[in-house]
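> Heads up: the sequence lines are chains A and B, in that order. If you read the first sequence in the working numbering, its first letter stands for residue 1, the second for the next number, and so on. If you read the second sequence in the working numbering, its first letter stands for residue 1, the second for the next number, and so on.
Possibly wrong hints are sitting among the right ones.
[As the list claims (entries may be wrong)] Over 12 angstroms on every C-beta distance to chain B, these chain A residues come out as not near it, computed from the model:
(1) L6
(2) W18
(3) L21
(4) I33
(5) I47
(6) T58
(7) L83
(8) S129
(9) P145
(10) R156
(11) Q161
(12) Q174
(13) D245
(14) R252
[Claimed, not checked] Capping the alpha-carbon separation at 27 angstroms, the derived lysine-lysine pairs in DSS-like fashion look like this:
(15) B:K487 x A:K102
(16) A:K142 x B:K35
(17) A:K233 x A:K102
(18) B:K319 x B:K142
(19) B:K492 x B:K440
(20) B:K483 x A:K102
(21) B:K35 x A:K102
(22) B:K245 x B:K154
(23) B:K453 x A:K102
(24) B:K432 x B:K479
(25) B:K487 x B:K453
(26) B:K35 x A:K149
(27) B:K417 x B:K479
(28) B:K311 x B:K491
(29) B:K417 x A:K102
(30) B:K311 x A:K102
(31) B:K187 x B:K414
(32) B:K245 x A:K147
(33) A:K123 x B:K487
(34) B:K414 x A:K102
(35) B:K35 x A:K123
(36) B:K423 x A:K123
[Stated by the list, open to error] Counterexamples of contact, computed for chain B against chain A with all Cβ distances above 10 angstroms:
(37) G70
(38) S107
(39) Q159
(40) L272
Think of the hints as simulated: they come from the structure by calculation, not from any bench. For glycine and all other residues, C-beta sits at the position ideal for the given N, C-alpha and C.
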Amino acid sequence: MKRVSLFTICFVIFIISWVFLEFVMGGVISKPIPSSVISMYMALILIAILVHVSVEDTRFREFLRPIHETLVDENRHVRRIVLAVLIPLLMLGYTYSNLAQKANPPGDPRDAHPSPPLELTYKDEVIGSMQTVENPHRHYEKDDPEKFKSHVENGRRVYYQNCFYCHGDHLDGQGHFADALNPLPANFQDPGIIPNFQESFFFWRISKGGPGLPASGTPWNSAMPIWEDHLTKEEIWDVILFLSDYTGYPYRTFGEGH
Amino acid sequence: MRTKNVVHLVLILGLLSVLNLTYAQDTPEVSEEGKEVYEESCAHCHGIEGRGDGSAAENLLPRPRDFTRGLYKIRSTESGQLPTDQDLFDIITIGMPGSSMPGWETSLSANDRWEVVAYIKTFYDGFKESETPPRQISLEGKIPYSEDSVEIGKVLYTQFACFECHGNLGRGDGTSAPTLQDEWGFKSWPANLTQSWNYRGGNGIDDIYKRFIGGIAGSAMPMFEDPAFGLTIEQSKRYNELDSKVEMTESEEEEYNQLDEKMGNAYEILDLMADGDATEEQKQIYDTAMKAFNVKSWHLANYVKSLSPEKQPEPAIGKNVLRSQYTINELPEIADAAWETLESSYFPLVGQIIVEPRQFNPTIDSVNVKSFYNDTEVVFLFTWDDRTHNTEVEEDEDTGTTFEDAIAIQFPVKVPKGPTAEKPYFLWGGRKAVYLWQWKASDADKVTELTAKGINNAEAQEVQGDIQAKSEYTDGQYKLWVKRALKTDDKKDLQLESGVFVPIAFSAWDGANGDVDTKRVISSWYSFVLEPVPSSRRFIYPPLVALLSFGLLVGLRQFVRQRNT
Chain A
1 MKRVSLFTIC
11 FVIFIISWVF
21 LEFVMGGVIS
31 KPIPSSVISM
41 YMALILIAIL
51 VHVSVEDTRF
61 REFLRPIHET
71 LVDENRHVRR
81 IVLAVLIPLL
91 MLGYTYSNLA
101 QKANPPGDPR
111 DAHPSPPLEL
121 TYKDEVIGSM
131 QTVENPHRHY
141 EKDDPEKFKS
151 HVENGRRVYY
161 QNCFYCHGDH
171 LDGQGHFADA
181 LNPLPANFQD
191 PGIIPNFQES
201 FFFWRISKGG
211 PGLPASGTPW
221 NSAMPIWEDH
231 LTKEEIWDVI
241 LFLSDYTGYP
251 YRTFGEGH
Chain B
1 MRTKNVVHLV
11 LILGLLSVLN
21 LTYAQDTPEV
31 SEEGKEVYEE
41 SCAHCHGIEG
51 RGDGSAAENL
61 LPRPRDFTRG
71 LYKIRSTESG
81 QLPTDQDLFD
91 IITIGMPGSS
101 MPGWETSLSA
111 NDRWEVVAYI
121 KTFYDGFKES
131 ETPPRQISLE
141 GKIPYSEDSV
151 EIGKVLYTQF
161 ACFECHGNLG
171 RGDGTSAPTL
181 QDEWGFKSWP
191 ANLTQSWNYR
201 GGNGIDDIYK
211 RFIGGIAGSA
221 MPMFEDPAFG
231 LTIEQSKRYN
241 ELDSKVEMTE
251 SEEEEYNQLD
261 EKMGNAYEIL
271 DLMADGDATE
281 EQKQIYDTAM
291 KAFNVKSWHL
301 ANYVKSLSPE
311 KQPEPAIGKN
321 VLRSQYTINE
331 LPEIADAAWE
341 TLESSYFPLV
351 GQIIVEPRQF
361 NPTIDSVNVK
371 SFYNDTEVVF
381 LFTWDDRTHN
391 TEVEEDEDTG
401 TTFEDAIAIQ
411 FPVKVPKGPT
421 AEKPYFLWGG
431 RKAVYLWQWK
441 ASDADKVTEL
451 TAKGINNAEA
461 QEVQGDIQAK
471 SEYTDGQYKL
481 WVKRALKTDD
491 KKDLQLESGV
501 FVPIAFSAWD
511 GANGDVDTKR
521 VISSWYSFVL
531 EPVPSSRRFI
541 YPPLVALLSF
551 GLLVGLRQFV
561 RQRNT
């Protein structure tokens, strides 16, 4: 059996790398990879291959042999003609598709976690420091489980009367109003949401909504209503209890004893 | 070897279907668990006692099902029958598309869903009392989908008077649409048959057929009646033909009377069958009449299937972004065939539930947009379905106050530059103003320019620019055509430039649904672009590059050869 030439091996490695970056890797990290990043990686791979084949004189000559043969050998006539047609055609197609490309919409770089203000407020009333305010109904969880349950139930009522249109019956951000919104409503079943924030942070986001987001980290484009216009303080704290009760995720806490 | 495999496969498939069947019938006994799951996941809409009166119910339409009356819309069983356990299980699993009932496949285990089936059956005593299993609808005699069948179905659609509720083209815009109520007295809009993704029980032809045969219990379409029951399609066609004649010959008259009698007989037998008093002979006549009815229903199902695309269009984001196409020709008028050459961009709309008064039960669900531009002007064609044509405020005792239909198209006054620039607040602006085109049905060929800094803070611009508008309302669909210059002298107007992505958003009002002011449907920001004319360089550079690469190859060969010698 004929040995596979070094050139073929390098060529195959190069193609496999490209296929992997272009079609596979995006799926693995579930995000499309920008073409500029792919070009950068491909350039690195090309350089690595060239370095590898050119460190030894004999290896370099072996690498060049098939190219050399294709270019001048008498019995490589067919291959030469095919390549002489194919390569210019590929270049033609590539240049055309680049020039005929449609305008690309601007991406929406979004900081997922807005930084909250120092003080937590409800309407104009100051509740306390964002870092230390706790859910005033949380302590019932230990002190009076029955009462805690009634607060969770109240939170459930609030949720299904106000929130589930967008955030969904399953709290997964796929409510029946969600599809007209961009960005999509928060998914509370995502393990990266509830456990990453204190209850005070949730209170802030619920009470002030999209318009209360900070001036940095824009554009937010949030459709979240200002719920302090519709809900009482107690209702907001209760719905916060419900979110964690339903999903089973605890909120982030600070300090000892939590 | 091969046959053996096939036999194995058949055996396995057979076994699976048997397993499935036994599982389906093997609904667990009512348990504490079922109650618990119900109260955790269902009660907030369907109520603790299954009356469809949970805390969320008031703001939902269709209302959550009241389980205490045993009326279930989506069944595989005949008219007047209870659903099978599998029917209930499927609804819980898949949900009711187009309503607020989601599928529970991802959030409840199959076991939990079966427990819930057992539990919701306890709300209606009829489930306990019925000794025989409900009669399933037979799918025998299915007529495969074909153009011919669709044509026949189309005629039947008129004969069965489907258009009275569902409208001529199926957009749910029939004349009785605004007056319909369900069994509980709640508003019941007829389905828009051009949106198959919202068919509650699925959009397969079998599903549609089952809705005909079984009826949609509790809705305004509980039973399905054939005005020519007892006649085949050919006979009823002949009957109508004769019926419309001014004068009949003697033989024609005889034929007519025969058909008339046949129909009368069939109806009579229908009653006898219901009472269980029919003779063998009458049963046979009934069977023949039912067969003819089923044939008609299959044709009709095929026709309904033909009315809608299979899937909901993708929203106009990412690759689907609305692209206004450049043309060197005159911009097309509202009825121009040129519009057919463009794909629509689809923008879903949802109820505005941020500012009071709010709209929790929207009836307009999307707007489709197409656009062309040339060197000086841009033209848009907005299309949206609205079951009713309301051009003024009307007080009506039965249906309540209706308002006029309207739509508003929203742009920023200035296009935000750079990816991090903040757009104006999507709900008609805030600190940053928005520029709006508002159209109202009462003044159908006019668009007013507004500037707004909030949903309750909008004003008509003092200087109204030269914007042309035309609109049409036909068969439950609005078309609005708007043309404006790319650039204007007014600082309060949006200025357009090729290649720049411009935020766009929508508000729409269905007067018959009580939409007025903030009560409306909305979208968040999308974007559109005047798609730049592809550069003519695309015809020059590529051949040059190809030529160059060929030259390089030839050069390389010469170089190598020379070095060899």
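> Regarding the pair K414 of chain B and K102 of chain A, is the alpha-carbon distance no greater than 27 angstroms?
Holds, at roughly 23 angstroms.
> Between the alpha carbons of K432 of chain B and K479 of chain B, is the straight-line distance 27 angstroms or under?
Outside the cut-off at roughly 30 angstroms; violated.
> Would the hint linking K417 of chain B and K102 of chain A be met if the CA-CA limit is 27 angstroms?
This hinted pair holds, its Cα atoms lying about 20 angstroms apart.
> Regarding the pair K35 of chain B and K149 of chain A, is the alpha-carbon distance no greater than 27 angstroms?
holds, 17 angstroms
> Evaluate the condition: distance from the CB of L272 of chain B to the nearest CB of chain A exceeds 10 angstroms.
Non-interface label on L272 of chain B holds, nearest chain A Cβ at 46 angstroms vs cutoff 10 angstroms.
> Below or equal to 27 angstroms on CA atoms is what counts here, so check K142 of chain A against K35 of chain B.
holds, 26 angstroms
> Starting from K483 of chain B, check that the Cα of K102 of chain A is at most 27 angstroms away, please.
holds, 24 angstroms
> Given the hint that K245 of chain B pairs with K154 of chain B, does the C-alpha gap stay at or below 27 angstroms?
Within the cut-off at roughly 23 angstroms; holds.
> Closest CB-CB distance from G70 of chain B to chain A, is it above 10 angstroms?
Fine: 24 angstroms to the nearest Cβ keeps G70 of chain B off the interface.
> Against chain A, does S107 of chain B hold up as non-interface, every C-beta pair farther apart than 10 angstroms?
violated, 4 angstroms
> Does K245 of chain B pair with K147 of chain A here, judged by a C-alpha cut-off of 27 angstroms?
Since the Cα atoms of K245 of chain B and K147 of chain A sit roughly 78 angstroms apart, the hinted pair is violated (cutoff 27 angstroms).
> So if I understand the rule, the pair passes when the alpha-carbon distance is 27 angstroms or less; does K35 of chain B with K123 of chain A pass?
Measuring from Cα to Cα gives roughly 40 angstroms; hence the hint is violated.
Of the numbered hints stated above, those contradicted by the structure are hints 7, 10, 11, 12, 13, 17, 18, 21, 23, 24, 27, 28, 31, 32, 33, 35, 38, listed in ascending order.
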